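Enquirer: We have chain A; now place chain B onto it with these hints.
Residue numbers (the numbering used here), protein chains in the order written: chain A, 10 to 287; chain B, 10 to 287.
Source of the hints: derived by calculation from the structure; they are not laboratory data. Treat each hint with caution, since some may be false.
Which copy is meant is left open, so a pair is good if it fits within one copy or across any two.
[To be verified] Capping the alpha-carbon separation at 25 Å, the derived lysine to any residue pairs in SDA-like fashion look like this:
| hint | residue 1 | residue 2 |
| --- | --- | --- |
| 1 | LYS52 | ARG172 |
| 2 | LYS72 | GLY252 |
| 3 | LYS72 | THR38 |
| 4 | LYS72 | TYR104 |
| 5 | LYS52 | PRO261 |
| 6 | LYS52 | GLY171 |
| 7 | LYS52 | GLY262 |
| 8 | LYS193 | HIS24 |
| 9 | LYS52 | PHE286 |
Please read these numbers as outputs of a predicted model, since none were measured by experiment.
There are 2 protein chains.
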Amino acid sequence: MDTLSVNKSHGGTLHVVRHASRETGTDMTFSVFLPPQADGGAKCPVIWYLSGLTCTHANVTEKGEYRAACAELGLIFVAPDTSPRGPDVPDDDAYDFGQGAGFYVDAMQAPYAANYRMGSYIRDELPDIVASAFPIDRERQGIMGHSMGGHGALTLALANPGRYRSVSAFAPIAAPSQVPWGTKALGRYLGPDRAAWRRHDAVALIEDGARLPELLVDQGEADAFLEEQLRPDLLRAACADAGIPLTLRMQPGYDHSYYFISTFMADHLRWHAARLFN
Amino acid sequence: MDTLSVNKSHGGTLHVVRHASRETGTDMTFSVFLPPQADGGAKCPVIWYLSGLTCTHANVTEKGEYRAACAELGLIFVAPDTSPRGPDVPDDDAYDFGQGAGFYVDAMQAPYAANYRMGSYIRDELPDIVASAFPIDRERQGIMGHSMGGHGALTLALANPGRYRSVSAFAPIAAPSQVPWGTKALGRYLGPDRAAWRRHDAVALIEDGARLPELLVDQGEADAFLEEQLRPDLLRAACADAGIPLTLRMQPGYDHSYYFISTFMADHLRWHAARLFN
Chain A
10 MDTLSVNKSH GGTLHVVRHA SRETGTDMTF SVFLPPQADG GAKCPVIWYL SGLTCTHANV
70 TEKGEYRAAC AELGLIFVAP DTSPRGPDVP DDDAYDFGQG AGFYVDAMQA PYAANYRMGS
130 YIRDELPDIV ASAFPIDRER QGIMGHSMGG HGALTLALAN PGRYRSVSAF APIAAPSQVP
190 WGTKALGRYL GPDRAAWRRH DAVALIEDGA RLPELLVDQG EADAFLEEQL RPDLLRAACA
250 DAGIPLTLRM QPGYDHSYYF ISTFMADHLR WHAARLFN
Chain B
10 MDTLSVNKSH GGTLHVVRHA SRETGTDMTF SVFLPPQADG GAKCPVIWYL SGLTCTHANV
70 TEKGEYRAAC AELGLIFVAP DTSPRGPDVP DDDAYDFGQG AGFYVDAMQA PYAANYRMGS
130 YIRDELPDIV ASAFPIDRER QGIMGHSMGG HGALTLALAN PGRYRSVSAF APIAAPSQVP
190 WGTKALGRYL GPDRAAWRRH DAVALIEDGA RLPELLVDQG EADAFLEEQL RPDLLRAACA
250 DAGIPLTLRM QPGYDHSYYF ISTFMADHLR WHAARLFN
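Bound-form chain A, shown alone (with noise of 0.2 Å):
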């Protein structure tokens, strides 16, 4: 494990490190911010925060205005890349597919499935590689993200349940079996197989009888992806024919980018924390 970098800011530090990874079989790097309430290694809540398309660790590191609220609530924020990388892993022209685009699966299909293991990163390789250098309090987990990194953080809440003990998105790509972004990605990484796609698609998951305690989720109004990638109203039936409560918030002319996740950033903190500490 190599430590990149290491910064203070709003009082606690942040670390940028990069480590072998026995699940994709590259370097993968990660940041991790540490609030002061974490100094001389207290333990503290986590939140794991996957980003959408085309996003390393940086984008959400630099741009999504965290580390006040983290600092203020004693909050640890691991920030991931989305996919394997390197000159040795299968990649796509495309933005949405192949590197920067892993969807947060375990691939099934050749050339992708020897790297392309960000299911299993995410949910079982990184948390244990970030507690063994930073104090993380295990039992107090929560995860969400942002776009493709909103379905991620929905379906390993879903897949995974009593792990997250509170789960929150932004504009997530909510029902991928049925928008371009999912069924293309999914396609190629699981197969043809259309049931192996509804274990990494929130809204088939709620309906094959998945549950979370309760969701956050904002959602721009004026997004582009909003209608044809995204379907939050998918996700709002699924929920109401479930039973999850959701907090489904359509904010009137936000869009897609990091101005929209950093004006709510700290609002989706302030709701993990208040069932994190709980």
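Expert: Chain B in isolation, oriented as in the chain A frame:
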């Protein structure tokens, strides 16, 4: 004037604008954040934020974490570029001279004099351009900046008494005539006559009688450039001799990065608001 992007953020709107500049003879790009208090064209105080070496308007726009505080306080925030740019603009391979390093002076030496007119651009042209499209209250202007931009903020305020009602800086180059970054830039832009440099050196301006009503400076103690390039000790001495009330806060553990700037940004904006709404 071309609008390159408009994004809603923190209840206000962020505009990125490109215009043909009379002073630099090039296109120049800047960002303007309008807080919700400016809705409907209501005039609001304006903060000019001058960035440091290598930066464009984008760095602080993405990483500065200023929008939440500006939206709360009712401040318009303008972030210009740090130099003219383009294939026809004289440049230098070094990061600390030429494009990205205008030093907020009007160059007097060939081949820089034609384009490198960042002093007049920030002081005269940009306020007219911004006022033509956005509701800035020119009776209530504040100025701030980082590193080279802290130098720019201090020297523009000292050289134009009464123009800026509030002034602050993060890790400013306080005495450019006495440090490597400054002697290189001032020597090549202004020529060998050091008398001409004194009008572009905050410590020298104060020694020569220029005054500010008061000044806020934050400086990281772990800033790698502190002793060789920034010299807050010289600023402290000059302000003490001149009776300028300087609030110089040495911040343990903080470096020269945006992780430092963003930590204290809201504090600075509150400082400015207290004076601009006074």
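Enquirer: With reference to the structure, classify each hint as holding or not holding.
Expert: Verification of the supplied hints:
no., hint, result
1, LYS52 x ARG172, "within (17 Å within a copy, 50 Å between copies)"
2, LYS72 x GLY252, "neither (35 Å within a copy, 40 Å between copies)"
3, LYS72 x THR38, "both (17 Å within a copy, 20 Å between copies)"
4, LYS72 x TYR104, "both (20 Å within a copy, 24 Å between copies)"
5, LYS52 x PRO261, "between (38 Å within a copy, 24 Å between copies)"
6, LYS52 x GLY171, "within (19 Å within a copy, 51 Å between copies)"
7, LYS52 x GLY262, "between (39 Å within a copy, 22 Å between copies)"
8, LYS193 x HIS24, "neither (34 Å within a copy, 34 Å between copies)"
9, LYS52 x PHE286, "within (12 Å within a copy, 43 Å between copies)"
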